[in-house]
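**Q** Chains A and B, in that order, give the protein sequences. Heads up: the first sequence at position 94 corresponds to 94 in this note's numbering, and the numbers run straight through without jumps. Every number in this note's numbering is 386 more than the matching position in the second sequence, counting from 1.
It cannot be assumed that every hint is accurate.
[As the list claims (entries may be wrong)] Calculated lysine-lysine pairs in the DSS-like style (CA-CA distance at most 25 Å, straight line):
| id | chain 1 | residue 1 | chain 2 | residue 2 |
| --- | --- | --- | --- | --- |
| 1 | A | Lys380 | A | Lys204 |
| 2 | B | Lys440 | B | Lys723 |
| 3 | A | Lys355 | A | Lys300 |
| 4 | B | Lys733 | B | Lys723 |
| 5 | A | Lys73 | B | Lys459 |
| 6 | A | Lys330 | A | Lys347 |
| 7 | A | Lys54 | B | Lys440 |
| 8 | A | Lys337 | A | Lys300 |
| 9 | A | Lys73 | B | Lys733 |
Everything labelled a hint here was simulated from the structure, so no lab data went into it.
There are 2 protein chains.
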Amino acid sequence: MVLSNSETIVIMSSESKSSISESSTPISAKPNNSRFWSELVQELEPYVPGEQPKIQGLTKLNTNENPYPPSPKVVAAITEDVIDHLRLYPDPSSGRLKNVIANHFSVSQDSVFVGNGSDEVLAFAFQAFFQQSAAILFPDITYGFYPVYCGLYGIDSIELPLADDFTIKLSDYEQDNGGIIFPNPNAPTGIAIGLAAIEALLQKNTDRVVIVDEAYIDFGSESAVALVERYPNLLVVQTLSKSRSLAGVRVGFAIGSPELIAALERIKNSFNPYSIDRIAELAAIAAIEDVDYFESCCQKVIATRESTVEQLQALGFDILPSAANFIMAKPSVFSAKELFEALREAKILVRYFSKPRIEQYLRITIGTDEEMQILVEVIKAIQSNV
Amino acid sequence: MVLSNSETIVIMSSESKSSISESSTPISAKPNNSRFWSELVQELEPYVPGEQPKIQGLTKLNTNENPYPPSPKVVAAITEDVIDHLRLYPDPSSGRLKNVIANHFSVSQDSVFVGNGSDEVLAFAFQAFFQQSAAILFPDITYGFYPVYCGLYGIDSIELPLADDFTIKLSDYEQDNGGIIFPNPNAPTGIAIGLAAIEALLQKNTDRVVIVDEAYIDFGSESAVALVERYPNLLVVQTLSKSRSLAGVRVGFAIGSPELIAALERIKNSFNPYSIDRIAELAAIAAIEDVDYFESCCQKVIATRESTVEQLQALGFDILPSAANFIMAKPSVFSAKELFEALREAKILVRYFSKPRIEQYLRITIGTDEEMQILVEVIKAIQSNV
């Protein structure tokens with residue numbers, strides 16, 4: 001059951017459909033095979049990312065981007081002189097960036113790996129650690145890319161159901177496995193797990209790699225980086241796309257024991273040694289170094305999330321406890337699908353998953369206070385028109 | 387026999403070694419295994435890219451970078467507003483960039499694939515087309531990454547020897563195969579093949595994919611893009627790193643039949659849907675659209691190459707006929723290794739391969755006229771001190 005492939009952008013009325021999708025560039029799903037394709041390609045089920053329409057005036061709350069621009073220091077770092085030097089290759093080891101990350105997290109530089117977005121880091125990690133005889137374990141409701149990587153690298157997996165309250169039951173993961181991966185907080189539920197539970201799992205799973213995917217960690221939960229020194233099989237993956245407002249430059253990183261990092265380096269250097277470009281490295285360095293700006297953006301998003309939750313609860317929504325920059329919200333007056341469509345008509349884009357158990361929820365990215373106010377007012381208007 | 391792994395940065399005297407390598411960040415080769423690694427990782431032999439030392443005052447002629455900065459339109463394209471919008475994901479289909487490439491080469495947009503450098507494009511192509519029962523074919527002296535990709539994806543290969551004059555004998559490739567790949571012009575020889583020979587091969591190889599890797603095509607040879615429409619199994623790969631002075635942003639592309647491109651898209655969307663960042667896409671668009679600047683840079687490099695060849699020939703060098711932005715030059719007074727070391731002492735970096743047949747040559751990137759003059763003068767001085 002692949003979350004990504006069952007995600008649905010609901011068919012709109014012909015009028016609203018053309019007005020919304022006209023200028024977007026959808027990824028075409030070409031089903032036809034070709035005799036030139038390897039067997040692998042024929043069997044792949046690629047990931048389908050959230051829609052990226054290019055429409056003015058859209059309130060875009062569907063892909064968990066940060067509503068605030070990157071640190072002013074990022075702007076300052078990308079000078080004309082930097083652009084003039086783009087004729088030169090980047091440092092293939094991204095040494096300066098690794099150094100800044102190592103300092104920020106108080107780990108050694110050989111405990112840090114960087115990649116072209118955390119998707120690339122995760123892909124390398126699946127190839128480096130999860131190609132084992134036993135199946136890997138991850139939640140049934142989680143980041144839709146995990147089953148796609150399994151398809152890409154021929155990895156068997158077991159999807160373990162979330163509990164009734166949508167939490168990850170880590171005790172279920174105490175079974176024979178080829179590796180374990182889960183996001184913390186989980187996506188798209190937004191629900192976080194405490195460090196004690198993760199450490200308990202690590203104490204029982206010492207022979208296979210455990211990956212904690214912390215894409216949303218900075219919006220209110222505790223990072224497992226603190227455990228890396230004690231558990232050589234723990235890999236923590238983070239991204240600059242969310243909390244550091246750099247989705248547009250593609251930088252992700254992993255922190256783990258030097259033996260895990262060395263494996264990722266071996267894959268990277270057999271694939272694309274210069275995977276981080278010169279500008280991405282500088283932007284990432286500036287964003288990580290500007291701790292005050294980073295913390296202030298995270299605090300603003302958290303405050304907006306809490307006030308949005310209150311307002312939507314007052315409108316009858318049931319909302320899962322979120323530690324992320326998005327919420328999973330279940331409307332009471334309409335079905336999630338109906339409300340998704342009505343919001344889209346009103347030029348507000350959120351995300352709907354036509355998947356059992358979560359099909360009654362909408363995943364709503366936390367925008368600015370102004371954007372969330374637009375959302376709340378539009379929902380009020382829709383509900384008052386019943 | 388892996389070219390990359392047999393490349394040698396010769397051990398220097400301790401004095402010159404420390405003065406040169408101090409501030410560089412070499413990729414450490416960690417030989418130790420780990421019980422957490424997949425079998426694949428344990429057996430990988432990663433690529434070793436050319437040295438990227440960070441030393442002031444070095445004449446850097448070792449990694450085939452363009453001596454001229456990118457088009458002024460690239461600088462103009464990367465505005466503060468662009469950087470402010472880095473909080474948003476890039477267009478995962480890179481639609482605008484594909485469109486500009488399609489227009490430039492007069493092909494349809496579904497004949498174009500773009501990736502994070504041509505290394506990523508090549509990696510995807512190996513996975514998409516070359517995982518076949520028969521071995522793939524490539525030259526024994528060629529781009530060192532081909533055997534690395536074979537290791538990464540478990541692909542069998544046969545390395546066919548170059549002719550005595552270092553040309554690729556395409557008639558050797560008319561045998562059963564799982565695919566064919568060669569650079570045109572070849573690296574590190576710089577020698578080009580004409581389109582007629584490539585078309586003759588394509589007429590005899592219709593069942594497997596033929597990849598022409600045109601990283602250096604713009605410095606004086608003819609692109610096989612002209613053949614793409616007639617041969618659905620032909621994939622042409624190019625990069626913006628050399629002729630468009632954008633090694634620092636990592637953009638490569640492939641042109642081929644829509645059925646080949648669809649396979650690459652399937653791999654990409656199972657690996658990293660947002661592989662091209664927002665700035666890289668804009669820089670690439672500006673660089674491709676500025677045809678005048680591009681042509682003028684290529685012409686300057688070609689003119690400098692021809693005058694350098696003449697001057698080195700006058701100093702007794704034997705030089706392979708180059709259609710690239712580098713030359714393979716065989717010194718007469720010293721061995722290639724001795725001259726490599728002497729140039730390095732004089733802060734001029736070229737590339738030396740300790741590999742049979744080419745170990746008597748140095749690969750020298752074409753820099754500015756001024757840089758090549760420094761090279762020629764230093765060689766004169768070294769030779770006059772014999």
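**Q** So, for every hint listed, does it hold in this structure?
**A** Hint check:
1. A:Lys380 <-> A:Lys204: With Cα atoms ~49 Å apart, Lys380 (chain A) and Lys204 (chain A) exceed 25 Å; violated.
2. B:Lys440 <-> B:Lys723: Judged against 25 Å, a Cα distance of about 23 Å means the pair holds.
3. A:Lys355 <-> A:Lys300: violated, 31 Å
4. B:Lys733 <-> B:Lys723: Within the cut-off at roughly 15 Å; holds.
5. A:Lys73 <-> B:Lys459: holds, 24 Å
6. A:Lys330 <-> A:Lys347: holds, 20 Å
7. A:Lys54 <-> B:Lys440: violated, 41 Å
8. A:Lys337 <-> A:Lys300: violated, 29 Å
9. A:Lys73 <-> B:Lys733: This hinted pair is violated, its Cα atoms lying about 34 Å apart.
Comparing the model with each earlier hint shows violations of hints 1, 3, 7, 8 and 9; every other hint is respected.
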